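All chains, please: the whole structure from these sequences, using the hints.
Here's the letter readout for the chains.
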Amino acid sequence: MRKALQLDIAGHRLFGTLHDHDAPPSSQNKQYAQRIGVLLLSFGQQPRSWVGDLGSSIADRLHARGYPTFRFDMPGLGDSPGEIPVHLEELWRDILLGAHERPLLALCEDLVRRFSLKGLIIGGFCGGAVTALFAVNARSQLILGLVLLEPEMALVRAGSSAATAASAPLTVDFFQERVDLFWQRLRSPGSWRRLFTAKVDFKFWYGLLDAAARKLSASGRRTKVLPHETNHRLLASWHLARKRRLPTLVLSVGSANRSKYYRAYGLQPGVSDEKSAFRWVEIPNTTHAMLTGGAKNAVGKHFENWVAENFPQ
Amino acid sequence: MKNSSLKDNRPKLPSPEHMEMADYLSIDREQLYYVLHPTILPLRARVLLAGPFASERPHRYIPWVRWARHLANHGFEVMRFDYRGVGESTGRFEDFGFCAWLDDLRYCADWLQRRSPPAPLVIHGLGMGALLGDRLFAQGVGNALLAWLPPKSARELLYDQLKLKIANNFILPSSERKTRDQFIADMENGEIVEVEGHNWTQLLWSEAAEFVFGENTCTDTSGAGQRLRHVGELDALAAHTFGGVGPNPLRAPGGGQTMRLVNPDLSTCFESTMNWLNGALVEQGAN
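Heads up: the protein sequence lines correspond to chains A and B, in order.
Reading the first sequence from the start, the letters are residues 1 to 313 in the numbering used here.
Reading the second sequence from the start, the letters are residues 1001 to 1287 in the numbering used here.
Since the hints were made in silico from the structure, they are not lab data.
Quick caveat, the model's predicted, so the values are computed rather than measured.
Yeah, the Cβ is synthetic: ideal placement off N, Cα and C, and Gly gets one too.
A hint or two may mislead.
Here are some, though not all, of the chain A residues that point toward chain B, as calculated from beta-carbon distances under 7 Å [stated by the list, open to error]: (1) ARG2; (2) ASN285; (3) HIS288.
Some but not every residue of chain A turned toward chain B, in silico, with C-beta under 8 Å [stated by the list, open to error]: (4) GLN46; (5) LEU54; (6) LEU88; (7) ARG93; (8) LEU97; (9) LEU186; (10) GLY190; (11) THR287.
Negatives, chain B to chain A, calculated, CB over 10 Å [said to hold, decoys possible]: (12) GLU1020; (13) GLY1087; (14) ARG1115; (15) ARG1177; (16) GLU1194.
Next up, the structure:
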C-alpha cells in the first residue's frame, strides 16, 4: 500500500511516498507506534523512485518486512517545487556541499513525530548518500542508521556563472582522471605532436606533477594525501559516523576502478567492521546505477537483510 | 520557486505550486499515481500529460513537471500520472504492456473529464505517451491531441531503448555480448530481458506491434468544434531536453567539456506550444 505525502518542511513543500500498511499511523494506535522507519533519498537530479525504479523496489521490500518506508523528493526535484540551477554540475555541487541537509533534518523530525516512530534509518544513493552522511553531524538521536549506496566522496567543480558555464569548458582536474589521461596521452600520437610543436597543455602537466610531487612527499612523511577535490566535510562526517558506531551499510560497485576511487580517499571498500556495526558490500558486475547484472535484486536483498538484522521489529 | 514568507500584511494568495496535489487512483487492484496541477486563473481547458516510456521517465521528469506548471500558470488544469508498474504507481513492470498503459491513460482521461466545471480536454503525449495518446484520441477521447517526439511505432521505441542494454553490457566485462536483434529474439522466445532495471517480456514486445503512430488518425483540422491533432516541432534545446535528441545545443563548438543541462530555459518551446493551444481552443470555440 502506497500513500502520497505532501509536507511543508523547513519552508519547502516536499512530495513523498509512504509504503506502509493501510492503518492509522498515529500514537493512538499502539500496534503501529514506536516502529523504526526508513527514509530513502534519491541521487542527484533523479525523482524519488530512482533510475529503474530501484528506490521504489527497495521500499516495497522493506515494507514487506514491516518497516514503514518513506521516499521524498528534495526541493526542486521530482514533484517537489523549488528552484534548481540550469546545469547539472551546479546542482550536484550544491548537493555535495550540503544543500539538502537542512530539509532532511527537518523532514526526519517531522516524520518521527507525525508517524510516532522510534527513529529513522536514512538510505541515500550517490548524492543522496552524501546528504544522509551530512545528517550525522547534527548528532540527532532520531537517526538510527545509514545505508549509503555509491557515496560520492569528491566535490564537483562548476563555474559560478551560469551564463559563462554554457559555453566555457568544465575544468576537470581530478587527480585520478589526470593519471588516467596521462596514460591515454602517452599512447596518443596527437598528444606527442602537440608536445613537439610546443602546443603543450601546461595546466594539465603542472597539475599532474604538482599532485604527484605532493603525493611523493607525503608518502615520505607517511601521511595520506587526499585528492584535490576531496569533500573534507563529508569525510569528517564519515569518520564521525564510524566514531559514534552508527550502524552503517555501504553498497558500492565492485570494480577495480571504483575500489581505486574509494581507496584514494583513505577508505577500505569491501572491508567491514562488525564491532562498529559497519558493513561494506561490493556488488560485482554492475554500473553506478546499480541495476544491471542482477544488481537491482542484490541491492534490495542486502538492504532489507541488513535492516532486519540490525533493527529487528 | 523558493518558499519565502511575506514580510508585509498583504493577504497571501495561494500559488499554483502550493495547490498541486498528489494521490492515487485504484485500477484493477493496483494504485495509479497522479499529480493534479490546478490553476488559479479562469479554467480554459484540461490537459492530460501522457509521459514517456519507463527508461526515459527519470531523465525527462524535471522538464515535464516544469511544463505542467507552465500550463497551470496559464489557465490550464493539468494531470500527469505514472503508468502501472512504473515510478510511483504500484505493480510489477513485467506484468504490463502497451495495452494496459493505454487503459491507464483512458482511465485518467475519464477521471479528468468527470471534474467540474466542464472544459475541453487536451491529450498531450511525450514519446510513448504520444503513441498512446494518438490511439486514445483516434477512439474519440479528447478535444485535441498534441504529440511531442512520437516514435514511428512502439517497436521502434523499444528497439531504440535497447541501446541502453547494449551500452551497459559493453561496459561490463562479464556481460553477454548480443545485438539488439538477438535480445529481441530472446523476448520472442519467452525470455526476460532486463533493461535499465525493468524486465522486458514477450508480452511487451508482442503488444508493441499493435502501436503505430498515426495509423488510426482521425484528423479534423478545420472548422469550429473540430478535433485537432498536432505533432509539435521542438527546437533543438527542447528536443535535447525532452528526448535526449542530439548533443547539448548550448555547447560551443570547440568549447571542450561543457556542463550538462538539467533545467534550461525552455520558454521558446513553451510559448510556441502555448500559441498552438490558444489557436486550438479558439478553433473549437471554447475560449
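Structure-based check of each hint:
| no. | hint | result |
| --- | --- | --- |
| 1 | ARG2 | holds, 6 Å |
| 2 | ASN285 | holds, 5 Å |
| 3 | HIS288 | violated, 10 Å |
| 4 | GLN46 | holds, 5 Å |
| 5 | LEU54 | holds, 6 Å |
| 6 | LEU88 | holds, 4 Å |
| 7 | ARG93 | violated, 10 Å |
| 8 | LEU97 | violated, 16 Å |
| 9 | LEU186 | violated, 21 Å |
| 10 | GLY190 | violated, 15 Å |
| 11 | THR287 | holds, 6 Å |
| 12 | GLU1020 | violated, 7 Å |
| 13 | GLY1087 | violated, 5 Å |
| 14 | ARG1115 | holds, 18 Å |
| 15 | ARG1177 | holds, 14 Å |
| 16 | GLU1194 | violated, 7 Å |
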